[in-house]
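Going by full-length UniProt numbering, the residue at position 49 of the sequence shown is 49; the numbering climbs one at a time, nothing skipped.
It is possible that some hints are incorrect.
Stated by the list, open to error - In silico DSSO-like links for lysine-lysine, alpha-carbon gap of 27 Å or less:
#1 K217 x K146
#2 K138 x K186
#3 K133 x K104
#4 K109 x K224
#5 K224 x K176
#6 K22 x K5
#7 K146 x K104
#8 K138 x K100
#9 K146 x K176
#10 K186 x K109
#11 K214 x K109
#12 K166 x K133
#13 K109 x K166
#14 K109 x K136
#15 K109 x K5
#16 K214 x K176
Claimed, not checked - The following label-pair restraints were derived from C-beta to C-beta distances:
#17 S8 x L132: 21 to 31 Å
#18 V66 x E225: 28 to 38 Å
#19 K186 x S158: 18 to 28 Å
#20 G227 x G14: 31 to 41 Å
#21 K133 x A81: 29 to 39 Å
#22 R131 x D204: 17 to 27 Å
#23 E63 x G102: 36 to 46 Å
#24 E7 x I195: 42 to 52 Å
#25 E7 x S196: 40 to 50 Å
#26 H61 x P85: 24 to 34 Å
These are calculated hints, taken from the structure and not from any lab test.
Ideal Cβ positions, reconstructed from N, Cα and C, are used throughout, including at glycine.
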Amino acid sequence: MFRLKFESSDQNLGLPIGKHIKIHCTRGDEEIARSYTPVSLDHDLGHVDLAIRIYFPNEEHTEGGVVSQYVHSLKVGQTVAISGPYGNITYEGYGRFSMKNGEKVTVSKITMIAGGTGITPMLQILRHIWRLKNDKTKIKLIYANKDLGEIMLYGPISEIERNLDKGQLETYHVLKNPPPDFAYGKGRISNEMLISYGWAPSEDTIALCCGRPKINKIMIEKLKEIGYQESQIYCF
1 MFRLKFESSD QNLGLPIGKH IKIHCTRGDE EIARSYTPVS LDHDLGHVDL
51 AIRIYFPNEE HTEGGVVSQY VHSLKVGQTV AISGPYGNIT YEGYGRFSMK
101 NGEKVTVSKI TMIAGGTGIT PMLQILRHIW RLKNDKTKIK LIYANKDLGE
151 IMLYGPISEI ERNLDKGQLE TYHVLKNPPP DFAYGKGRIS NEMLISYGWA
201 PSEDTIALCC GRPKINKIMI EKLKEIGYQE SQIYCF
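Please model the complete structure; the sequences and the hints are all you need to start from.
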């Protein structure tokens with residue numbers, strides 16, 4: 001977890017729920033930017049919190065994650081360039097969404113599908129629902145990772161699940177390489193998992209996806225196969 005502090009303790013980021021920022025850095029003459037969704041909310045004054053997985057160089061990726069390593073290398077007191085807002089989805093609370101194309105959507109149930117760091121916009125929406133107290137939107141979250149060590153933000157998500165109404169948030173983990181005693185899903189997200197641990201498609205239900213573009217594309221097709229209309233599926 002990384003915390004970026006603003007110059008003033010009463011300043012906020014001004015980022016709508018569901019949108020993300022970009023962090024900029026340079027490598028030689030090249031400017032590089034990567035997208036990150038804060039896990040803090042706009043009422044958290046004086047700072048913004050980012051959950052960033054650091055990708056160090058390895059045999060498969062010789063450079064690793066340039067921007068994540070840059071953030072990891074920053075010292076206290078250094079400044080960082082950010083820009084925003086970016087993204088297609090804004091959550092206004094109480095099941096109401098505003099989309100980039102101007103579309104307004106109101107639902108009572110959300111199927112969330114996240115892979116790896118794609119959990120961050122989901123957590124932001126969940127925290128906003130919790131903060132509103134009277135937002136009764138129901139969520140089923142399916143969260144996929146390679147192994148136990150890659151699960152991000154388990155503590156905050158579990159805390160929200162405990163404090164919302166009983167059954168308002170249900171989380172189902174899927175691991176590609178699970179330990180022998182793992183009680184949740186094993187392998188990749190399947191149609192059967194979506195049927196069993198997501199909401200059935202209906203007029204007051206949408207699906208939100210956040211993962212690598214290839215994974216998002218696969219999830220869209222799987223959701224359509226189980227009855228979701230394309231107009232009910234949105235990707236961050």
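Consistency of the hints with the structure:
no.	hint	result
1	K217 x K146	19 Å, holds
2	K138 x K186	25 Å, holds
3	K133 x K104	22 Å, holds
4	K109 x K224	17 Å, holds
5	K224 x K176	23 Å, holds
6	K22 x K5	16 Å, holds
7	K146 x K104	35 Å, violated
8	K138 x K100	23 Å, holds
9	K146 x K176	5 Å, holds
10	K186 x K109	25 Å, holds
11	K214 x K109	25 Å, holds
12	K166 x K133	13 Å, holds
13	K109 x K166	14 Å, holds
14	K109 x K136	9 Å, holds
15	K109 x K5	35 Å, violated
16	K214 x K176	16 Å, holds
17	S8 x L132: 21 to 31 Å	26 Å, holds
18	V66 x E225: 28 to 38 Å	37 Å, holds
19	K186 x S158: 18 to 28 Å	21 Å, holds
20	G227 x G14: 31 to 41 Å	38 Å, holds
21	K133 x A81: 29 to 39 Å	36 Å, holds
22	R131 x D204: 17 to 27 Å	22 Å, holds
23	E63 x G102: 36 to 46 Å	39 Å, holds
24	E7 x I195: 42 to 52 Å	50 Å, holds
25	E7 x S196: 40 to 50 Å	49 Å, holds
26	H61 x P85: 24 to 34 Å	29 Å, holds
The structure shown violates the earlier hints numbered 7 and 15.
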